[in-house]
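Given only the sequences and the hints, what does the whole structure look like? Please build it.
Here the protein sequences line up with chains S and W, keeping their order. For the first sequence, numbering that gives the first Met the number 0 assigns the number 0 to the initial residue and increments by one for each residue that follows. For the second sequence, numbering that gives the first Met the number 0 assigns the number 0 to the initial residue and increments by one for each residue that follows.
Since the hints were derived computationally from the structure, they do not count as laboratory data. The model shown is predicted, which means the values in this text are computed figures rather than measured ones. It is possible that part of the hints are untrue.
[What the hints assert, rightly or not] Okay, the calculated bits of chain S under chain W, using three or more residues with CB under 8 Å as the criterion:
no.: 1; stretch: 158 to 171
no.: 2; stretch: 259 to 271
no.: 3; stretch: 275 to 284
[What the hints assert, rightly or not] Chain S side only, calculated, beta carbon under 8 Å to chain W, not exhaustive:
no.: 4; residue: Ala88
no.: 5; residue: Ile155
no.: 6; residue: Asp174
[Claimed, not checked] Pairwise CB distance ranges, derived in the manner of DEER restraints:
no.: 7; chain 1: W; residue 1: Gly235; chain 2: S; residue 2: His220; range: 53 to 59 Å
no.: 8; chain 1: S; residue 1: Leu248; chain 2: W; residue 2: Glu296; range: 51 to 57 Å
no.: 9; chain 1: W; residue 1: Glu296; chain 2: S; residue 2: Ser136; range: 53 to 59 Å
no.: 10; chain 1: S; residue 1: Asn77; chain 2: W; residue 2: Gly366; range: 41 to 47 Å
Don't be surprised by glycine CBs; every beta carbon is placed ideally from N, CA and C.
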Amino acid sequence: MIVLVLRRGALSLVTLFLLATFVFFATEVLPGDALDVSLSADEMAMMPPEVLARRRAELGLDRPVLERYLGFLGGLLNGDLGRTIITRAPVADIVAMPLRNSIALAGVTLLLALPVALAIAMAAAQAKGRALDNAVSGAAIIGYSIPEFVTGLLLIAVFAVWWPVFPATITASTDDPLGVLLAAAPLAIATTIIGSIAYLGRILRVGLIEVMAADFVERLHLSGIPRWRILWLHALPAAMIPGLSAAALYAASLVSGVVVVELVFAYPGIGAELVRAVTRREVHVVQAIALAAAVCVVLFNLLADLGIAALDPRTRRA
Amino acid sequence: MTITRRTALAAAAASPLLGIDAVAQPSTPVRGGTLNIAQCSANRRSASPQNARHPYFLVDATTRLPYGCLVWVNRALQLEPELAERWGPADESMAVWDITLRDGLLFHDGTPVTARDVVASFEFHRTRSPFARQIERIEAVDRLTARFFLDAGNAEFPFVLGEYDSVIMPAAPPETIGLSGIGCGPYRIVSTDPNRSIVYERFDRYWRAGLPLLDRITLHNREGQQDSAIAGLRSGQFDVVMTIDPTAARQIGRDQDYVVETGGGGYHYVVQLPQHPGSPFLDKRVRQALAYAVDREAIVRLVYGAQNGWVGNDSHLVAADPNFLPRPALPRAQAVARARALLAEAGHPNGINLGTLYWSPQTPEAGRYFQVLQETVREAGITIALDQRPNDGYVQFRTGDNDFAQGRFHRFAMTAVGPRNPGISLFRMRGANVESGHWRGPEQDRYMALYRQAMATREDAARRAMFHDMQRILHEEVPALLPAGAMTFAVRRRNVQGFAFHPQIWSVRFDEVWRS
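Right under this line is the structure:
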């Protein structure tokens, strides 16, 4: 297991290095540098070349690509993500707390959604083809299909306006303790959970149905082992393996992908910060958020791999 | 008598007709409590944790919570004393003004407010604030009196002292003044979350005895999120939502739990028309064509509703100002034909593409406003692309740093302006300003000569005649486009007392606001 952890960790580091390289070259070297992107077309057309050259020099864009790349990597190792173009504020300061908040939202969503999704999937798998299964499958499709902003607005209308038991909008500060922030965001959490349960429930249900039809389950039945024991101790761990990978990717996507939820509820997360950075053409902030999202994908995958290794001895031997 | 559900409902239904609130309100102000405000518009630069307490970076709706100005412009746009006890010109030229502070004023840190602080504050303002640039020098005459030396006589100079960029801060070097957030206003800053929220608490040694009444005020920035702000109001999170659009005001005004307040006077949008080398707006005929092509009535009708909006006259004056001179209007078909003819004269017989007009959601209806504008000018063959920019950093984006030699021009862009005295409003169309597009030429010279003459004139009627002449020049020259404006609205919960909205959002005061 230790070897596996080390191997996966090393692989993750290589992946992160490649991701950082990709993010750098995608945003800095491809046609149009940070200055091009931050200026409007009209402004570019009006500015004399010497002025553009001076602005580039101010932003360090006149240095050779390799030098900038090494500077970028060095900065990453030191936690220095550069400075914003407009205010010259450290990007790390801008990104840190929203990133923390988004990871918290994703984490809470997963913690609450996964057990519910699992329970629903087990119930549906047990009742495969019957009314309960059909109802669960139908509800999951509906839950997954409804856009999050519709769910969010509906929840606000019902639980904040008609029956005002929860806050409609989040008034907690960006750097409030996580407990305070999450306590102020029940409807935002509910909105992300509804979609998550629908998505994860479908994946886990399919996995469970496949496992329950496997030969080893059949043999266990023939051995006289009770059905509940087969389900909990044998089928569930096997069905969780694809589910864990899907859940990891889903959680990573939640970190930077719940922009709509963040905007509807004014949740101070990284998605809203990304929108702000894009509209302000703050290339370095976009770069940092893209990198943070990629790091989340790698880390959540690493966690999922370790979870799978714990559940499946074959992966530990591989 | 037995009170049944039916009789209770009947009484509740009848009470508004009788002029009685369904819930009796105590008439005596009560101290204590927290007021939660959501603000849907924004007029600020960028705020980072380093500068978020500085008066120039606050959302201006709360300027007068932590800070005070020498004078206050009241809801009728008349001057009232604030930190200054008295003011007046030191001589007949009206280029030297003496301002005397009240005695006993304190900053939030307990230090007394003196003329030295006034001098330090205006040493900062006069290099940063366009309205204060006329101040050539300031000196402390004694502990409480400061003397302002202007570059020319200005009968309306005291109005400058009530601006949001004219607050009094504890004396400090220009590079650090104001960063502490310490002022002498009714509330002190407790914490800030830049671009998102700010928390204030009562300053117990405020100069108005017994005020303010609330313990705490929190302001939540909901620019571009009016629906979220109103949902927050309906769910009980917010007590006041400021700067809602007329449609929202109409809808929520039907609900008995809320009271819609209007600031009167209103605000409007300036569309700045940059007149730098190579710009199509250098040609007066193009500017005139644009002024004819835009359907001002349509903007008023479609964006504001006829009762809430007013047609602008391409000056910074609002229609409610007694000095406002309406622009001569043509029937729509004639106006479009006139615009086309002007474009043809200017060498654009097939119409003209004016490039991108930048706008930011400074008020909730801004997007709709510029869409209507875009569509109506199309009838005259004028093509405009629209590009929305965020409020944060918009001022810098719109204005650039005006360094023409370096090619950093200001943009074809909008900004919202509030109502002010004519001295300030008409000064905004000076040549050396982005809002006039850096308008130049003999008519601009004549405009400024009239302005200087008006400012040195004490007599109101004579000044008004000059203001009218200045507006006639603007009608002809169109250095900028100001097509239409509207009243401003705020909504409060019925239990919020003592709140009056103000046509100048930076002049809204919360000293006497309380919760019943």
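Here's how the hints hold up against the structure:
no.: 1; hint: 158 to 171; verdict: holds (count 8)
no.: 2; hint: 259 to 271; verdict: holds (count 5)
no.: 3; hint: 275 to 284; verdict: holds (count 3)
no.: 4; hint: Ala88; verdict: holds, 5 Å
no.: 5; hint: Ile155; verdict: holds, 5 Å
no.: 6; hint: Asp174; verdict: holds, 7 Å
no.: 7; hint: W:Gly235 - S:His220: 53 to 59 Å; verdict: holds, 57 Å
no.: 8; hint: S:Leu248 - W:Glu296: 51 to 57 Å; verdict: holds, 55 Å
no.: 9; hint: W:Glu296 - S:Ser136: 53 to 59 Å; verdict: holds, 56 Å
no.: 10; hint: S:Asn77 - W:Gly366: 41 to 47 Å; verdict: holds, 42 Å
Violation of the numbered hints given earlier is absent; every hint is satisfied by the structure.
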